[in-house]
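2 protein chains.
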Amino acid sequence: MLSIIMTGGSGTRFWPVSRKHKPKQFLNITGNGPMVVETCDRLKSLAKDDEIVLILGQEHLPEARKLFKDRNVHMLAEPIGRNTAPCIGLGAIYAQHLGREEAIAYLPADHYIGDPNTFIEALKVAGELANSGGIVTLGIIPNRPETGYGYIKRAKNALSEFGKFKIYKVLKFVEKPSYEKACYYLGKGEYFWNGGIFLARPAVILNNIREHLPDLYKGLMDLQKSFETQDFDEKFKSVYEGLEAISFDFGIMEKTNQEVYVLPCECGWSDVGSWGSLYELKASEYDDQQNLVAGEALLIDCKNSFINSRKKRIVTCLGLTDCLVVDTEKTLLVADLSHSQDTRKIVAELKKLGKDDLL
Amino acid sequence: MLSIIMTGGSGTRFWPVSRKHKPKQFLNITGNGPMVVETCDRLKSLAKDDEIVLILGQEHLPEARKLFKDRNVHMLAEPIGRNTAPCIGLGAIYAQHLGREEAIAYLPADHYIGDPNTFIEALKVAGELANSGGIVTLGIIPNRPETGYGYIKRAKNALSEFGKFKIYKVLKFVEKPSYEKACYYLGKGEYFWNGGIFLARPAVILNNIREHLPDLYKGLMDLQKSFETQDFDEKFKSVYEGLEAISFDFGIMEKTNQEVYVLPCECGWSDVGSWGSLYELKASEYDDQQNLVAGEALLIDCKNSFINSRKKRIVTCLGLTDCLVVDTEKTLLVADLSHSQDTRKIVAELKKLGKDDLL
Numbered sequence: 255m256l257s258i259i260m261t262g263g264s265g266t267r268f269w270p271v272s273r274k275h276k277p278k279q280f281l282n283i284t285g286n287g288p289m290v291v292e293t294c295d296r297l298k299s300l301a302k303d304d305e306i307v308l309i310l311g312q313e314h315l316p317e318a319r320k321l322f323k324d325r326n327v328h329m330l331a332e333p334i335g336r337n338t339a340p341c342i343g344l345g346a347i348y349a350q351h352l353g354r355e356e357a358i359a360y361l362p363a364d365h366y367i368g369d370p371n372t373f374i375e376a377l378k379v380a381g382e383l384a385n386s387g388g389i390v391t392l393g394i395i396p397n398r399p400e401t402g403y404g405y406i407k408r409a410k411n412a413l414s415e416f417g418k419f420k421i422y423k424v425l426k427f428v429e430k431p432s433y434e435k436a437c438y439y440l441g442k443g444e445y446f447w448n449g450g451i452f453l454a455r456p457a458v459i460l461n462n463i464r465e466h467l468p469d470l471y472k473g474l475m476d477l478q479k480s481f482e483t484q485d486f487d488e489k490f491k492s493v494y495e496g497l498e499a500i501s502f503d504f505g506i507m508e509k510t511n512q513e514v515y516v517l518p519c520e521c522g523w524s525d526v527g528s529w530g531s532l533y534e535l536k537a538s539e540y541d542d543q544q545n546l547v548a549g550e551a552l553l554i555d556c557k558n559s560f561i562n563s564r565k566k567r568i569v570t571c572l573g574l575t576d577c578l579v580v581d582t583e584k585t586l587l588v589a590d591l592s593h594s595q596d597t598r599k600i601v602a603e604l605k606k607l608g609k610d611d612l613l
Numbered sequence: 255m256l257s258i259i260m261t262g263g264s265g266t267r268f269w270p271v272s273r274k275h276k277p278k279q280f281l282n283i284t285g286n287g288p289m290v291v292e293t294c295d296r297l298k299s300l301a302k303d304d305e306i307v308l309i310l311g312q313e314h315l316p317e318a319r320k321l322f323k324d325r326n327v328h329m330l331a332e333p334i335g336r337n338t339a340p341c342i343g344l345g346a347i348y349a350q351h352l353g354r355e356e357a358i359a360y361l362p363a364d365h366y367i368g369d370p371n372t373f374i375e376a377l378k379v380a381g382e383l384a385n386s387g388g389i390v391t392l393g394i395i396p397n398r399p400e401t402g403y404g405y406i407k408r409a410k411n412a413l414s415e416f417g418k419f420k421i422y423k424v425l426k427f428v429e430k431p432s433y434e435k436a437c438y439y440l441g442k443g444e445y446f447w448n449g450g451i452f453l454a455r456p457a458v459i460l461n462n463i464r465e466h467l468p469d470l471y472k473g474l475m476d477l478q479k480s481f482e483t484q485d486f487d488e489k490f491k492s493v494y495e496g497l498e499a500i501s502f503d504f505g506i507m508e509k510t511n512q513e514v515y516v517l518p519c520e521c522g523w524s525d526v527g528s529w530g531s532l533y534e535l536k537a538s539e540y541d542d543q544q545n546l547v548a549g550e551a552l553l554i555d556c557k558n559s560f561i562n563s564r565k566k567r568i569v570t571c572l573g574l575t576d577c578l579v580v581d582t583e584k585t586l587l588v589a590d591l592s593h594s595q596d597t598r599k600i601v602a603e604l605k606k607l608g609k610d611d612l613l
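Taken in order, these protein sequences are the chains called A and B. For the first sequence, the numbering used here begins at 255 and goes up steadily by one. For the second sequence, the numbering used here begins at 255 and goes up steadily by one.
Do not rely on the hints blindly, as some may be mistaken.
For chains that are exact copies, the list does not tell them apart, and a pair is met inside one copy or across any two.
Derived pair list, reagent style DSS-like, types lysine-lysine, alpha-carbon separation capped at 25 Å [as the list claims (entries may be wrong)]:
1) Lys435 - Lys410
2) Lys565 - Lys320
3) Lys557 - Lys274
4) Lys557 - Lys606
5) Lys599 - Lys566
6) Lys274 - Lys566
No lab work stands behind these hints: they were computed from the structure.
The task is simple: from the sequences and hints, build the whole structure.
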C-alpha cells in the first residue's frame with residue numbers, strides 16, 4: 255500500500271532536545287531510533303520502501319536524506335509549510351503520478367504505536383474498505399478526558415465487522431473539546447481521538463479538494479504536470495506560495511459529503527506530545543520510585559521524575575517529585591512534569607529575547 | 255582585639271559549588287566576596303590585619319594566600335583536621351607567642367552577619383568581660399525551632415547590662431535537640447543558638463585544656479616552643495598526628511568549671527548552612543513570585559525557587575515550586591529546596607561511585 259508519511263512540523267514540544275532544524279520527527283524520542291524511521295520501519299509488511307513517500311519541509315531534507323541514505327523512499331520537500339490540506343493533496347497527485355489509483359495511507363511521522371501488529375492489521379482492513387470508495391480513518395479509543403485532540407463521533411451501530419475490527423459511519427468530526435465535554439465523550443463510548451491517520455483513493459481525495467478547496471485543486475493540477483521535469487522546483491515554489499494554509503480536518507473532513515468511516519483501533523497509540531506524555535509511555539522503564547532516567551543521573555529521595563541527560567556529565571537530583579530535567583549541551587530545562595506541554599512558552603520567550611541559537 | 259578565624263572544614267553543604275579544595279568559606283556564597291574575606295573585613299574596627307589569625311587546613315593554604323595576598327594576616331595551616339579543640343588551643347598558644355595575653359575572639363570564617371555594627375559592638379562588650387576572666391559566648395536569639403544547632407541555656411536573671419546588651423551566666427550547653435525540645439526552647443526564651451563565637455584570654459583557654467584535655471595541652475606546649483623555628487612544620491605535623499579529634503564544645507565548654515557567660519545578640523546571624531538557608535537569607539532579592547536567581551535564567555510559572563547558574567548558558571525553568579537548580583561546569587544539582595541540607599548524601603554517593611573529580 256502506498257503510504258504518505260506526513261513529516262512536516264517544527265514542533266517545540268520536546269525543546270530543548272527538539273530544535274528548529276531537528277524537530278521531534280527526526281529525533282530518537284522513544285528510544286527506538288528517529289521517529290520517522292520508526293514510522294517507516296513499522297510499515298514493513300504493508301509497504302516496500304519505494305511505496306513510502308515522505309512529505310517534509312525543505313529545511314529538513316538534508317536530515318531526512320541522511321536518515322534514509324540507503325533506502326529508496328520517495329521524498330517531497332514542501333517549499334513552505336501550508337498545513338495539512340495541501341500536503342495531503344500533494345500526496346494524492348504524487349500517487350497518481352506513480353500510477354497508483356488504489357487506496358493510500360496517510361500517516362503522521364511522529365506518533366508512537368505500542369502494538370504495531372494490530373496497527374498494520376487495522377490499516378489493511380481500512381485500506382480494503384477505502385478501495386471501494388469513501389475515506390476511512392482510524393479511531394483511537396480514548397482512555398482519558400483529553401482536551402488536546404479532535405474527536406470523531408461514530409454512528410450508533412457498526413456497519414460491518416472484519417475479524418476483530420468493527421467499522422462505523424462517522425457522524426461528525428469534533429474540534430478540541432472542553433474538559434467537561436471530553437469527560438462526556440469518554441463516558442459515552444462513541445467518540446474516538448482523531449489521530450490524523452486515514453486512508454482513501456487519490457481520486458477520492460482530489461474530488462473532495464476540487465469541491466471544497468477549489469484553489470488548492472487548481473494549484474495541484476498545475477503542479478501535477480511538472481513532476482520529474484526541470485521546472486518542478488520552481489513550479490512547486492510558485493504554487494505553494496499561492497496556497498492558503500488550511501488543515502485537512504477543517505477544510506475537508508468536517509465538510510465532506512463523502513462517506514467517512516471510522517475503524518476503532520486499540521494499538522497503543524500515543525502522539526508523544528510532550529515530555530510528560532513520553533514519561534507516561536515509558537512506565538515499563540521506571541525505577542521503583544517511578545523515576546525514568548535516560549543518560550547518567552544520581553537520584554536520592556526522588557519520585558515520579560523524568561531525568562533526560564544528553565550531556566557527558568552526571569545530573570544529580572535530591573528530593574524531587576514530578577520533576578522533569580532535560581540537560582543538553584547548550585541549555586537546561588527544569589520543569590514540573592505536569593507543565594511539560596508548555597515548553598512552547600519557553601521557546602516563545604527565548605525568541606523574544608533574541609536567543610535564536612537556542613531555538 | 256586579636257581575632258582567630260576558624261577557617262577549617264571541607265563542607266559539602268554547597269555542593270556542587272563548594273568542592274573539596276574550595277569549601278564554603280572560600281566561596282562567594284552571599285554575593286559579598288569569599289566568606290572568609292567578608293568575615294575579616296567585618297572586623298575592621300576591631301582588629302587590624304596583623305591582629306587576624308586564620309587557622310585553616312593545609313590543603314587550602316594556596317587559596318587563602320591568593321585571597322589575602324596584599325594583606326598581612328597571620329595564617330596557621332593545620333597539617334590534619336582534628337576538630338575545634340586543637341584549633342582553639344592552637345589559637346591560644348599563637349596569641350601568647352605574639353605576646354597577647356588579653357581576651358581574643360574566636361570566629362567561624364563562614365557565617366553571615368546581617369548587622370555587622372551590632373555584632374562588633376557585642377564583641378567589644380564581650381571582650382571587656384572576658385578580660386576579667388571567664389569565657390564569653392555570643393548567644394544567637396533563635397527565630398525557629400532549629401534542630402541543627404547546639405543551644406546555650408542562660409540563667410534566669412541578667413548579671414549586668416552594657417548599653418543594649420545583657421550578660422547572663424550560662425547554665426548549660428545543650429546538644430542538637432529533638433524538634434519537640436527545640437520548640438520548647440524557642441518558647442521558653444532562655445535558650446540561644448550556639449554560633450561557635452566566643453571570647454576568652456589565652457591563659458583561660460589553656461588552663462581549661464590543661465584540666466580537661468591534658469594530652470592536647472601537652473602537645474600544644476610542645477608546639478609552642480617551635481613557632482618561627484626551622485622545625486616548626488615537622489613538629490606541627492608530628493604533634494597533630496598524635497592528637498585526638500574532639501570539639502571544643504564537647505571537650506571543654508560542656509565540662510568547664512570556669513564561669514561561662516552568654517551575651518544574647520540580634521545581629522542577623524546565619525550559618526548559611528545550606529542552599530535553602532541562603533535562599534531564606536536573600537529575601538530582599540526575590541522576584542515577585544519569591545524566586546531567587548543568580549546567573550542567567552528564564553523562569554515561567556515558577557515560584558519559591560532558587561536558580562543558581564554558574565555556567566555561561568541559560569537555565570530555563572517551567573512550572574517549578576520550591577525547587578533548587580545549581581548548574582556548574584562539571585555537574586548539575588536539581589533539588590527540592592527543603593531537601594537542600596542533604597547535599598552531603600549526594601557527595602557520599604558520588605564518593606562511593608568513584609567520581610572523585612566531582613567531590
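Checked hints:
| no. | hint | result |
| --- | --- | --- |
| 1 | Lys435 - Lys410 | within (18 Å within a copy, 69 Å between copies) |
| 2 | Lys565 - Lys320 | within (23 Å within a copy, 33 Å between copies) |
| 3 | Lys557 - Lys274 | neither (32 Å within a copy, 29 Å between copies) |
| 4 | Lys557 - Lys606 | between (34 Å within a copy, 22 Å between copies) |
| 5 | Lys599 - Lys566 | between (27 Å within a copy, 22 Å between copies) |
| 6 | Lys274 - Lys566 | both (23 Å within a copy, 22 Å between copies) |
In terms of the numbered hints stated before, the structure departs from hint 3 and from no other.
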